[in-house]
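So you can see what is in the structure, the chains are spelled out below.
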Amino acid sequence: MDALEIARWQFGITTVYHFMMVPLTIGLGLVVAIMQTMWHRTGKQEYLRMTKFWGKLFLINFIMGVATGIVQEFQFGMAWSEYSRFVGDVFGAPLALEALLAFFVESTFLGLWIFGWKQLKPGIHLACLWIAVVGSLFSAYFIIVANSWMQHPVGVEMINGRPVMTDAWAVFTNNTALVAVPHTLMGALAVAGGFLLGIAWYHLWRRRRDGIDTVDANGNVVPGEAGIPGRDRADHTVWIRSLRIGAVVAMISFAGTALTGDLQGKLMFEQQPMKMAAAEAACHDGTGFSVLSIGNLGSQNCDDIVALIEVPGILSFLAKGDFTTEVQGVNSLLGQYKADYGTHLPDNPIYGERAGQEIQYVPVMEVTYWGFRMMIGFGGLAALAALVALWVTRKGTVPASPWLMRLAVFGILAPFGANAAGWIFTEMGRQPFVVAPNPDLNGIDQVFMFTAAAVSPGVSAGELLTSLVVLTTVYALLLVVEVKLLVKYIRGGIVSAMPELAHAPVDENEDATPGGNGGPGTGKPADDVLAFAY
Amino acid sequence: MELLPTIWFIAIAVLWTGYLFLEGFDLGVGMLMKLFARNNTERRVLLNTIGPVWDGNEVWLLTAAGATFAAFPLWYASLFSALYLPLLVVLVALIFRAVAFEYRGKVDTDSWRARWDWAIALGSFLAAFGVGATLALTTTGLPLNANGDREGGPLAWFSWYAVLGGLAVVCFSLLHALAFLALKTDGDVRHRARSWFIRLLPVLLLPLAGWAVSVQVLAGKPWTLAAVAVAVAAAAAAWFMACNGSEGRAFAALGAFLVLGSASIFGAVFPVVLPSTLSPEFNLTISNASSSDYTLGLMSIVAAVGLPLVIAYQAWTYWVFRRRVSAADIPEAHSFLPAVAAKAFTTKG
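Read top to bottom, the protein sequences are chains A and B.
Sequential numbering of the first sequence, starting at 1, is according to this note's numbering.
Sequential numbering of the second sequence, starting at 1, is according to this note's numbering.
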């Protein structure tokens, strides 16, 4: 592997990893804020428990998103200095604004939320969480504005060989971003939905296994109590309600991703026709959607690919909204791309060893074709599972089957898979460009950049390999730690997030003092100064 | 005189100074977890002084980097790619440190806590050292060619200024943390922190003063020399105030030392943002490294609204958590769960 390939693997691995934490942060944050709002409004104990439990898992995950996010921001300069120099004028602004207007809000107000249970008035404490959640939405918006500019550059003029921002409004209302933001947010909600559903199912199942909940002759649940802290009737309410919220969120978000995804697809057929042709492994112009294609998808030569099952008209519908308009395939697009952007990389030292090489305009079709299908497939599967789950649990609990429980738990991974596949598809489908040309941008010099020109010329393959190995190892290690902690706190149930339930009798009006030992001589509860999150 | 690039040079200097001021004490507290705290209760006292704020402090680093990317893309690209390996160390250090804060208390065993304590202490040390080295090198220069790329291999960035800058930030952070702990804790920790502060101040400020003076020798201006002199006076004031038991004023005076020292360094190198040690022709300056006036103008408007807002709500956070923390306030660690330990994946339902 040369420097470019290593840098690309590194960006891919670190980004996909980062984007496992981020959608859960966004989606779960929103859900927890709604739960705390319900507690604030109704004062019901079960909503407090939900807030505390899901909030705990939210925080365990949130910190990983924070930690891996720093890598993303440094990486552009470290590994992609030519890219940073080329696009900095327009691409840097959304990143800086993300930090200034979103990260500060998220981190500061989340700190207030974590530690402020006692210091802040309940309404203000709740507001802090909402502000942090809104911050995470802003963060998503800004980073997608930046990404969308790479997919579809707008609002710039070429001055001295670099795109210079001339129209910030165009950049920040790029139509690519306006459809990608809701699509991504819906994808994030799907992750949260699956997460709630799987974990709540597990707890309901465990209550049945332990004989706490039983079902009567009609199959209706009879919630019971065990003589163990936290395993009372309210506990049942927490899980069944969490499960239903999760299922509904998963279904709404799937509808949302489908709707926004359709808009996005139609836009992409205009903006990056090659990406969409590659998503279909569609070699020839036509109207049919491939259900299954075989052959050597990885080759640049389309002759090897055979569409085994094809539904006529559907591709046209996805691209244009009717069933008859022919959609251009890879073969006819290839000629067009070669005519517009050249057949060979220029003989410029910026391309390193690749200078003068033939340009491969067709993305790796194995990835685009299957990435596209995995995104839709996993998403659809999760939505279907959510629908089934709602039906199965209509009488108030889950079936006693351990296998169904395991399926529900592993189902948590499906929306994660859909998110990752979607991003891998859209980023790999943009190749060989790091900044894809905008087909509407006639008149100005073509604003685009080949990925081959973007990597840092001064950084050696050895340095890149070092960081790839180090970061991948660290990430793998931390993933194990995070999952272990999540599992520990999930298994612990509500008391793991509310130890006061285990240490003192539950008093609905006031939280018990942890440990029951007040500060010596002060006569005040021990946690008067801080909520002691650490 | 180029107005907007100058404004953004100042803005970035402010962001870096804000970072060193705020994360300075939480990096220092991180290192003191191993150097100062004597038992788990004291470590928890230390942690809880920075608990609600460290993440917000760290965003100053992200904002400084992001603003550099947006306002001076060539500076960002050259600096970050030239310092590839040192910044990798900073990244890994910050990752472990962040995760350690959150995960340390999540499992109730000594070995678990000990491991994360090391992650916090070493992570804080390496991050402080790496950031200091990076900032020192952007003021003293890197071997950059005409394109702004590093010549001479992965370690060609090394110079003694990197060590000096690294030590400067590490030592300043330690001292700043002692001042912070004296202000934010009570009981034994408070008094020990203050007496450490008084004893160590002259030593711990030496590297930062050395860096500031080196830069003055390389590229001093009258007003930056004056700033160094005032900074030294501020350090002396901090010492006297600590001796008199005015912890708040000592902390503020040390902050003034940092602000003045940082101003003297950034001010001296201005308008160069990153000198090339190969040839002055290849120096990156506010004019040849900056973004367009349009971009800078847009960012100025947003920053003019956004930055005061950030300062306001972060100040409010410090107000909310203004109470001192002491060992007596630390409750027992919670243990939970044996009663409900699950066997879902190991036994048949």
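None of these hints come from the bench; they were simulated from the model.
In this text, a Cβ means the ideal position worked out from N, Cα and C, and glycines have one as well.
Accuracy of the hints is not assured; some may be wrong.
Derived Cβ-Cβ restraints for the label pairs, each shown as a range [as the list claims (entries may be wrong)]:
id, chain 1, residue 1, chain 2, residue 2, range
1, B, P222, A, W169, 42 to 50 angstroms
2, B, V163, A, I252, 36 to 44 angstroms
3, A, T473, B, D110, 20 to 28 angstroms
4, A, T214, B, A312, 37 to 45 angstroms
Take a look, some chain A residues computed to stay more than 12 angstroms from chain B by CB distance [claimed, not checked]:
id, residue
5, V66
6, S84
7, L97
8, A99
9, G111
10, G123
11, D167
12, T214
13, Y341
Partial list, derived from the structure: chain B residues whose beta carbon lies under 10 angstroms from chain A [stated by the list, open to error]:
id, residue
14, W54
15, G148
16, C171
17, S195
18, V230
19, V232
20, V302
21, V310
Open item on the list: I'd like to know which numbered hints this structure contradicts. Please list them from smallest to largest.
Closed with: 2, 4, 5, 6, 7, 8, 9, 11, 16, 17, 18, 19
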